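Residue numbers (my numbering), protein chains in the order written: chain A, 985 to 1411; chain B, 985 to 1411; chain C, 985 to 1411.
It cannot be assumed that every hint is accurate.
As the list claims (entries may be wrong) - Among the chain A residues that face chain C by a calculated CB cut under 10 Å, a handful are:
| id | residue |
| --- | --- |
| 1 | S1338 |
| 2 | E1342 |
| 3 | P1343 |
| 4 | Q1344 |
| 5 | G1346 |
| 6 | R1347 |
| 7 | Q1364 |
| 8 | M1365 |
| 9 | M1367 |
| 10 | L1368 |
| 11 | N1372 |
| 12 | Q1373 |
| 13 | S1374 |
Unchecked claim - Okay, derived cross-link-like pairs now, DMTMM-like style, lysine to aspartate or glutamate, Cα gap no bigger than 25 Å in a straight line:
| id | chain 1 | residue 1 | chain 2 | residue 2 |
| --- | --- | --- | --- | --- |
| 14 | A | K993 | A | D1018 |
| 15 | A | K1340 | C | E1213 |
| 16 | C | K1340 | B | E1029 |
Stated by the list, open to error - Derived coverage of chain B by chain C (criterion: at least 3 residues anywhere in the stretch with Cβ under 8 Å from a Cβ of chain C; other residues may be distant):
| id | segment |
| --- | --- |
| 17 | 1216-1222 |
| 18 | 1274-1284 |
The set of hints was computed from the structure by calculation and includes no laboratory data.
Just so you know, these numbers come straight off a predicted model, no measurement behind them.
Beta carbons are placed, not taken as given, at the ideal position from N, Cα and C, and that holds for glycine.
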Amino acid sequence: MTVGEELYKLVAELYPICRSITGDGVRRTLEIVDREVGGGLEVSEVPTGTPVLDWTVPREWNVHDAWVADPAGRKVIDFQASNLHLVSYSAPVRATVSLAELSEHLFTLPDQPDWVPYRTAYYAERWGFCASQRLVDSLPDGDYEVCVDATLADGHLTYGEHVVPGETDEEVLVSCHVCHPSLANDNLSGIAVASRLARLLGERRPRYSYRFLFIPGTIGSITWLARNEDRLGRIRHGLVLSGLGDPGGFTWKRSRRGDTEIDRAVTHVLGRSDRPHQLVDFSPYGYDERQYCSPGFDLPVGRLSRTPFATYPEYHTSADDLDFVGPAQLTDSLEVCQEVVEVLEGNRTYLNLSPKGEPQLGRRGLYGQIGGRSDAEERQMAMLWVLNQSDGTHSLLDVAERSGVPFALLADVAADLEAAGLLAEAP
Amino acid sequence: MTVGEELYKLVAELYPICRSITGDGVRRTLEIVDREVGGGLEVSEVPTGTPVLDWTVPREWNVHDAWVADPAGRKVIDFQASNLHLVSYSAPVRATVSLAELSEHLFTLPDQPDWVPYRTAYYAERWGFCASQRLVDSLPDGDYEVCVDATLADGHLTYGEHVVPGETDEEVLVSCHVCHPSLANDNLSGIAVASRLARLLGERRPRYSYRFLFIPGTIGSITWLARNEDRLGRIRHGLVLSGLGDPGGFTWKRSRRGDTEIDRAVTHVLGRSDRPHQLVDFSPYGYDERQYCSPGFDLPVGRLSRTPFATYPEYHTSADDLDFVGPAQLTDSLEVCQEVVEVLEGNRTYLNLSPKGEPQLGRRGLYGQIGGRSDAEERQMAMLWVLNQSDGTHSLLDVAERSGVPFALLADVAADLEAAGLLAEAP
Amino acid sequence: MTVGEELYKLVAELYPICRSITGDGVRRTLEIVDREVGGGLEVSEVPTGTPVLDWTVPREWNVHDAWVADPAGRKVIDFQASNLHLVSYSAPVRATVSLAELSEHLFTLPDQPDWVPYRTAYYAERWGFCASQRLVDSLPDGDYEVCVDATLADGHLTYGEHVVPGETDEEVLVSCHVCHPSLANDNLSGIAVASRLARLLGERRPRYSYRFLFIPGTIGSITWLARNEDRLGRIRHGLVLSGLGDPGGFTWKRSRRGDTEIDRAVTHVLGRSDRPHQLVDFSPYGYDERQYCSPGFDLPVGRLSRTPFATYPEYHTSADDLDFVGPAQLTDSLEVCQEVVEVLEGNRTYLNLSPKGEPQLGRRGLYGQIGGRSDAEERQMAMLWVLNQSDGTHSLLDVAERSGVPFALLADVAADLEAAGLLAEAP
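Construct the complete structure from the given sequences, taking the supplied hints into account.
What follows is the structure in structure tokens.
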């Protein structure tokens, strides 16, 4: 199997699980993530009622079954067929109701009559079902039996955390949400890409330590932040990963500060590639970057997605299914993450040790010959840029931005120049 | 009557008065302004010869009558018909002259043969008449009788000043010139809008004190500046109002500094509205912003106009008459001024009192419900922006600029957040 | 003769001389330059083997003759016909070789079959000839006699330096390379323009001292920098002049810092004129600006060219001949240099001595009259700009950039204002 096929297979494996912001679906998901990252995922269980920043850990929700039966006794809406049919965090109910009363608890998408919407009712004790408009239109008058066999009770909020230790304890935070049920792009794609990135980083000893969070949205990041406030100072860069499997171009949503190194690293990677992409400014709405970028933390964290949430019709519907995501997109998303990691890992500031005039590259075997290959010319230009800019105030990413030379090539020639004694890392 | 009709009526009342940089026309105009602002206009009379900065208050000019009679004795040019016929500050004369000699004292607009130009001869003792090209072309040879029955003598320079006291003695300066005779747009429109703005502000207790100046152009602002030098430090923001009745889009001419709060407030108001408008950089030519923005004062004062002076053919001609301005434009101009005032009044810097993560808006009744109105979504985004940016370094105008959310909405939700204990004004 | 004809005549006189980075061709060229600048050119001879920064002065190369004779004994490639035929710095050789062996030493331009390329083999002991593709295609099989009667031996590197003393010892550096053989645009045009500029500056006493360098490329600037390191602090502005005779628009390559006064002066001069031009950012490839802008020196030096090197087909070929350059272009290039010099010379920072309000220009005879010429209006605007901006923090070039008024006019009215006691140079 290719990497893409493996990532896709993981998305497919996670797809049927009924996740919400708490409950066994999250636990089952984290078991699979633990396997994928190569083991060592640390799972936290935080009790209901625990104060976390301005919030409180909610009751835990678990579903055993849920359905609506029509006057003839047939289950016309059935949680077993798709967990999207039940409004997330629906309160338990067992009742017989008229069609009119039932209708007040039904959610549809009139514009997409065959799709089922995804709805939640966190922090509001109510019940509801989601169905296609076509089904609802076909329901006859009469008495309907309704069953939500669920528990909404004190328990725990569950999240997973995986650290790849690096040379320093300066950290790169990678965060993805694990609270959505059968939605493939939002966010099984993010979970798959993050898991694989963690496993790949674990195969080497990176410069930074990498902390991967697999958490329920909003309340999960708030809980993690509340419990790790004293360690946030270690975070140098961060990415929220979500919506990485759809066929659209990439979107980088900048951090609150807007021009941090992670913003610049992603901008360089996307800008130098042929991948269609857009850069959007920070706004205080979206995924967990909202919490990381709240003014009391203001972490250098942005968000990498393909098509932005809420801008594609499949978003938060049954159409965000296994047909909506694909192996090629998952691979491409992983590669962008890897390229960004390489920029962060390699972004050092150097000093030209022969800064007066150009050093004579020729006698060091670093200069292209007559009739040299165009590759030689590119390397030579990259060397000249690194030498010219390395006065101790410009990082390699600065050089990449000014020169337009790909970061990877600059890092490569910097190693050659360092080996030739012409360059040293700035103190 | 609508507000626009009232403003237009005021322009019409002021139109026939013969104003210049000194004289009874200014006094008569200020009597009407005093009535319009609701009383309390302070009128200053500064004697001829008073040194004011690099200048000296000139002699006072008053006209009793002026005409040119043709060889048949008919008054072919008559000040009584329009005060534009007499060059402003013409020296007294009574003579019989040939057509050739007369021609040297006549000013026309060859490209607009039916219009009469507006000309002045300040600081140069000479006489002259303005007429239509068509009339001048029809004058037969012969002896012409010329009469300028005017006085140019020691007297006073007159200006009016009206203060609406605010919570602090920090001031907003609003300045308009009152020295042009029968020209409706330039600047009876400015006088009308400024007078009404003063009256409306007087009906409340604003945060800032507002100082309205009704002054002759150039020498008037120089005189006022000379006499108030020790109080200029109070001026926080300022607008010169002129040319606010014509049908063109708005023009904001930036202050010398270019990015002061008044520049940003007007830019936001115009930018968020559908009103056609342009922003132009400061230049040292124009109306009294030239004086306020001279390097020794460098006040944060810009100019609000509709079509810029000297760029419309009616400018400084008899065609800048009561047909050229209209109630709708005057109302719209007043509204822009009011919206700008609201930004200045409401522009405070807040501190998010729950800055770590987002505060839970839901339990405070501040969060939209399922199926909420789009208005609820807009308010919610506005709240998130205010909360996210309120770290004590961003004013609401900063938030408006970054978010694109209208200032008024931000100010509104900031009040809600303050009431909910989530926000406090930064110290 | 016009100036352009004189410049062109100089280019033509220099054209046949066989220059390289060392040797008698450079010496002969400098004799002519000495005559052109009006005498006083200081010629330096630096011995082979002298360490200069990271480099070493190479052996000196001189050619007596060089040719290739075909099997019939005819000289088919002949240095006497054009010095481009011999690869510069070819090692001496006298041999009989087969066509196949000869071919490994021949360089052509297959895409331009009638042109001869210009090639060098510095720092690599080898020999080679350049010829047209058409000629090479016509060579019959057989034995060829090859002769490079040249010396490559210890000697000297030669360069010329000419200083026009100014009021201060702050310097403007003007540098051009003198190491190319029969190439008219690259860089006889630069030599001609620089020589004439030096002569013209010598006819007055400028504010700055002007140092003109006539040096071999790369090794020449490196040698000069190595020998003058302690004097580099005097350099305030600098220009590398090259490629100033071709018919293309102008190109200013910015200094490494990008926004120095010379960058801004050239940008203003080109931007205010109708001359087609482009501004390009610094890159560490090109002519001697590479050395001046190395990080250990980082001098404020940019490069003025017309069409950039390597972007026109004639570049480094026999087609860069006397037909490729013209008197009109040379004149125009000289004029740009002169205009830039005038900006540097006149760029002072003034203080408005009457900074509160506008000073009354009228009573000082500085204000336009009724019916004044449009020239009067321009002068008046220029005066208002100078007065408004002269608060001790804006130079005339700042004023020119903000106002769009040509620098020369600002400098002119500043003199008037200074004479009127309204302006003084800031301390």
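Hint-by-hint comparison with the structure:
Hint status for S1338(A): holds, given a least beta-carbon distance of 5 Å to chain C, under 10 Å. For E1342(A), the interface hint holds, the least distance from its beta-carbon to any beta-carbon of chain C being 6 Å, beneath 10 Å. Because the closest C-beta pair between P1343(A) and chain C is about 4 Å apart, less than 10 Å, the hint holds. This hint holds: Q1344(A) has a C-beta 5 Å from the nearest C-beta of chain C, less than the 10 Å allowed.
Below 10 Å, beta-carbon pairs count as interface contacts, and G1346(A) has one with chain C at about 6 Å; its hint therefore holds. A hinted interface residue such as R1347(A) counts as satisfied when its beta carbon comes closer than 10 Å to some beta carbon of chain C; here the least separation is about 8 Å, so the hint holds. Taking 10 Å as the C-beta cut-off, the interface hint given for Q1364(A) holds, the closest approach to chain C being about 8 Å. Interface restraint check for M1365(A): the shortest CB-CB distance to chain C comes to about 6 Å, inside 10 Å, so the restraint holds.
Below 10 Å, beta-carbon pairs count as interface contacts, and M1367(A) has one with chain C at about 9 Å; its hint therefore holds. With 10 Å as the threshold, the beta carbon of L1368(A) comes within range of chain C, its nearest partner Cβ sitting at about 4 Å, so the hint holds. A hinted interface residue such as N1372(A) counts as satisfied when its beta carbon comes closer than 10 Å to some beta carbon of chain C; here the least separation is about 4 Å, so the hint holds. Using the Cβ-Cβ criterion of 10 Å, the hint placing Q1373(A) at the interface with chain C is satisfied: the shortest such distance is roughly 7 Å.
Interface hint status for S1374(A): upheld, as the beta-carbon distance to the closest one in chain C is roughly 7 Å, under 10 Å. Using a Cα cut-off of 25 Å, the hinted pair K993(A) and D1018(A) holds, with the two alpha carbons roughly 16 Å apart. Straight-line distance between C-alpha atoms of K1340(A) and E1213(C) comes to about 10 Å, which keeps the hinted pair within the 25 Å bound. Restraint check for K1340(C) and E1029(B): the C-alpha separation of about 22 Å stays at or below 25 Å, so the hint holds.
Restraint check on the segment 1216-1222 of chain B versus chain C: 0 residues with Cβ-Cβ distances below 8 Å, three needed, restraint violated. Restraint check on the segment 1274-1284 of chain B versus chain C: 8 residues with Cβ-Cβ distances below 8 Å, three needed, restraint holds.
The structure shown violates just one earlier hint, number 17.
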